[in-house]
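Student: Throw the hints in and build the complete structure from the sequences for me.
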Amino acid sequence: MELYQMTIHELHEKLVAKEISAKEITESVFSRIDKVEDKVKAYLLITRDTAFEQAKDIDEKIAAGEKISPLAGIPAAIKDVMCTRGVRTTCGSKILENYVPVYTSTAVENLLREGIVMTGKTNMDEFAMGSSNENSRFFPTHNPWDLERVPGGSSGGSAAAVAADEAIFSLGSDTGGSIRQPAALCGVVGMKPTYGLVSRYGLIAFASSLDQIGPFTKDVTDCAIVLNYLIGHDPMDSTSVKIDKPDYTKALVGDLKGIRIGVPKELMAEGIDSQVKSVVENAIRILAENGALVAETSLPNLAYALSAYYIIAPAEASSNLARFDGVRYGYRVPDAEDLMDMYMRTRAEGFGDEVKRRIMLGTYALSAGYYEAYYGRAQKVRTLIINDFNRAFDEFDVLVSPTSPTTAFKIGERIADPLQMYLSDICTIPVNLAGIPGISVPCGMVDGLPVGLQIIGKSLGEEMVLRVAYNFEQLFGWKEKPNL
Amino acid sequence: MEFESIIGLEIHVELATKSKMFCACSTRFGEEPNTQTCPVCLGLPGSLPVANEKAIEYVIKSGLAVGCDISLYSVFHRKNYFYPDMPKNYQISQYDLPLCVNGHIDLDMEGYETRIGITRIHLEEDTGKLIHVGGAGRIAGAEYSLVDFNRAGVPLMEIVSEPDIRTPEEAKAYAQKLRSILLALGVSDVSMEKGSMRVDANVSIRPKGSTEFGVKTELKNLNSFRSLQRALAYEIERQKKAIEAGEVIVQETRHWDENKGVTSTLRTKEYAHDYRYFPDPDLVPMEFKSDWIEKLRAELPELPDERKQRFMKDYGLPAHDARLLTEDKPMGDFFEETIALYKGDPKFVSNWLLGDISYYLNTENLEIDETAITPRHLADLLRLIDQGVISGKIAKEIFPEIFETGKLPQVIVEEKGMTQISDESEISSIVDLVLQENPGAVKEYREGKERALGFLVGQVMRLTKGRANPQLVNRLLREKL
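Note that the protein sequences, when read in sequence, are chains H and Z. For the first sequence, the numbering used here begins at 677 and goes up steadily by one. For the second sequence, the numbering used here begins at 2 and goes up steadily by one.
Honestly, I wouldn't trust all of these hints.
Unchecked claim - Okay, derived cross-link-like pairs now, DSS-like style, lysine-lysine, Cα gap no bigger than 25 Å in a straight line: (1) Lys296/Z / Lys195/Z; (2) Lys80/Z / Lys1056/H; (3) Lys1032/H / Lys743/H; (4) Lys261/Z / Lys290/Z; (5) Lys55/Z / Lys918/H; (6) Lys1032/H / Lys80/Z; (7) Lys195/Z / Lys130/Z; (8) Lys918/H / Lys290/Z; (9) Lys715/H / Lys1157/H.
Keep in mind that the hints were calculated from the coordinates and are not lab data.
Tutor: Listed below in structure tokens is the structure:
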């Protein structure tokens, strides 16, 4: 087995045992990148030189007999939505095509402090708006399982990088499913933690009340390890929660006895591909056969989640993206007549169609006379959805559903039909609206393409989510790998 | 037709916090452009605001000082519009849930009293500053424009009055009273000159007795209390003439030209902005406990109205003096410190402070704490007068030197040999000389013309260069006549 194929915990053991060096791991991962990146196109920027410097630092620490973090020397890819000081950060957009941040986001900083080796910045739908990575202003990323298909989005590059072994793990961001959906489509583990658990400082905002950073990993144990270092109160983020940091690896207990699992019927209804549905039903059966108490439940207001989301997220985005105006940084049209001309043409050329569509939707939804009918009402729906989840968690420890209604679709298949594309996130969006944690773990295949099982927990219920995910992973024993 | 004017003021005050509203950058004034900035106040991608608790406390204290209800639940909203001085193209401000509502300021207009309602006080962030290079220094015609973000993100408190103000004098008195309250609280340096207090006035007129509002105009560029009063007086007159000439008042923003003394159209409100306010999702709602509010209330310093009452009661000052002395915190402090050293008649101190000293300060455009004079100087000076060492006239003469040099009055008097002549024999001989040289006046006095005495006193003063003790001169003249 090659080093690039291994997990964080496997590599850490070998590093501590001095069987391998961080340099060797890094070389292995970059040899893999050299081999497959042309096909996958997961990265917008590869930071090879700094990666080897970081690896060298870790090897020196090990040589000096210092204790190293479980993440030390582990090659990781970062979604290009997180600011990295001195390293170009584009958000997948032309408007930031040459933008080099002066500071590093808290989440990335937290991992750099532990000694990760950053391999590069991954491709994404522009400003994290999309479900296929086709909205990247640079190029689309290809699904490692079938290069003609999308990896999902918006964190498609991060998901594909891990699936193709071009990174041991990666970071993504999830506003409506942007971690879980590509994780499902690429056959890796992807988690969106509780809103506020991971600092958003330095995460270029799409929809501030929904955005959350989370990891893509090869297994649930790695997910717990990354989460341990990713989270924590950040005084720079007013929405960051203050909690005692748990050790999530301690939650990985091999036992499902008595755990109550609810299956919301709204997330198994029409729109879910029948083959995906039967793979997920099989996964649920495995859980039930191994001690979990499974029952169907109903969260009636989930029916309105997509509608509410496509008011709230664009509304916030319309304001968040106002700062990209050509005045201080980023793209500016070279030949503007005056201020208004500069604003309008910079933004017309700098933003892609989907971004412009959402800015317009959001601007409209916040306009005088429409605010109550749209934004005000969507917020009320959001409250109803939160109430639905709260009621469900009185009865259940976790809820499960398909992560994505379909497997990976073909590049170009949905790009002309935004509504069809929006439906990709029908199972994941309610979780963002409620601010609760959700994970996607591989649970089988349909026609050679992976299917994800979504496990949803209550607010700050990461430990229970990870426990159920870990048990499923152990019971299911999925070992498939894409053939690249 | 007789008209009455309806005036409401919107006053922005920069708070004197050490750091900005949503980041840790310094609020220091006058630094090199863009040196007081960070990713947050530059609105760089990914940066997030964290509210300055001191600024919130300052606004709540201001609200308490003007009798506002303090909201126990308050929210920051985003006010969305594009302008290059605003890094995020939205301003974090407050909308329907401001920190303070429903307050008032009472005005003593010397002859009548009036209460001006305060609709709301809210907290927001200041914008940066545009510098237009080339052309006339305005954006149109400029070669290029620069932005200085040092002020961007400085906490700004907006105080909105009810349209309760009826005259330009009341508007000025309201703004001055508000300033004196905020100075007493120490929440801002409230300087119109430095721009830390900015006043915009809304004004309309209507036939006296009418209850409907007329169309209002908004006046900008009011850079002093005087220009506030003048601009309003001009605008009211302009509106009257327009209505009497059958013209229609247009709702618009008008620019006050201090030199020409006129207002002119800046922009009309046809294209009203839609600011698309919505709660800022990057900030959590502010929730306050009422005991914390009560703690802040208990911490409030003595406010100008309370001080005025105390000055009247403790020092026996007339209302007029007490009001003027307490309008300005440093002035009131100066008064009290002088009294403590001088221990003489408070009214005497007040006369000096409100007379010669205020005149000097106004002429030089200085605050009392910006000059070399201290309460020690004034107390010593008054004591020298009381002791008959110098006359009041001499005191007035040496005053500018005290201001400029900070020398103690007795030192100046010594140096200049200005000590009052109180030696009876010395004055007596001068009196004899004056009587000898002015037989006409002597005759008039003896014929009962009391006025002639003044002339003779004047002659003695002239010969002694004002140094003769006036009481002594009077007594001796009468005796000898």
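Student: Taking the hints in turn, state whether each one holds.
Tutor: Evaluation of the provided hints:
{"no.": "1", "hint": "Lys296/Z / Lys195/Z", "verdict": "32 Å, violated"}
{"no.": "2", "hint": "Lys80/Z / Lys1056/H", "verdict": "22 Å, holds"}
{"no.": "3", "hint": "Lys1032/H / Lys743/H", "verdict": "49 Å, violated"}
{"no.": "4", "hint": "Lys261/Z / Lys290/Z", "verdict": "52 Å, violated"}
{"no.": "5", "hint": "Lys55/Z / Lys918/H", "verdict": "21 Å, holds"}
{"no.": "6", "hint": "Lys1032/H / Lys80/Z", "verdict": "20 Å, holds"}
{"no.": "7", "hint": "Lys195/Z / Lys130/Z", "verdict": "14 Å, holds"}
{"no.": "8", "hint": "Lys918/H / Lys290/Z", "verdict": "20 Å, holds"}
{"no.": "9", "hint": "Lys715/H / Lys1157/H", "verdict": "16 Å, holds"}
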